[in-house]
Amino acid sequence: MEHIAALLLVIGCSNAMTDCRELSVPVSVFETAAACTAERPFALGDVQGQAEHIVAKCLQVDPALEDDYNKIAWNVRPDGTLDASLEISNLLVASNGGRSAKEYLSQQ
Numbered sequence: 004m005e006h007i008a009a010l011l012l013v014i015g016c017s018n019a020m021t022d023c024r025e026l027s028v029p030v031s032v033f034e035t036a037a038a039c040t041a042e043r044p045f046a047l048g049d050v051q052g053q054a055e056h057i058v059a060k061c062l063q064v065d066p067a068l069e070d071d072y073n074k075i076a077w078n079v080r081p082d083g084t085l086d087a088s089l090e091i092s093n094l095l096v097a098s099n100g101g102r103s104a105k106e107y108l109s110q111q
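For any residue, its number in the working numbering is found by taking its place in the sequence shown, counting from 1, and adding 3.
Please note: incorrect hints may appear among the correct ones.
[As the list claims (entries may be wrong)] Here are the computed lysine to any residue pairs in the SDA-like style, where the Cα-Cα straight-line distance is at most 25 Å: (1) Lys74 <-> Thr21; (2) Lys60 <-> Ile75; (3) Lys74 <-> Thr35.
Everything labelled a hint here was simulated from the structure, so no lab data went into it.
Could you put together the complete structure from these sequences and hints?
Following this line, the structure appears as structure tokens:
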């Protein structure tokens with residue numbers, strides 16, 4: 004099984020840097036940070052023309068947590084600097100409340 008060591012995030016913005024969105028690139032996950040850094044200029048070339056201002060950043064991925072990351076938080080500053088991080092939220096999507104299926108079925 005291959006592990007992810009870096010994620011390439013590419014953001015396209017308006018000229019005023021007020022309207023920004025994530026841009027899709029052909030390859031966005033990498034086994035090494037060096038591979039991500041090497042691919043960055045090519046990815047920028049792939050999305051050229053999709054926005055007036057484009058910024059990209061390689062984000063480090065902890066291989067032990069790669070399946071736990073569920074959010075990319077990013078912000079583009081007015082000077083064009085991209086701040087970004089991978090995050091793990093503690094959002095509880097579902098819970099059985101401690102009841103087993105057997106208990107549930109016996110109450111019906």
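Hints versus structure:
{"no.": "1", "hint": "Lys74 <-> Thr21", "verdict": "21 Å, holds"}
{"no.": "2", "hint": "Lys60 <-> Ile75", "verdict": "12 Å, holds"}
{"no.": "3", "hint": "Lys74 <-> Thr35", "verdict": "20 Å, holds"}
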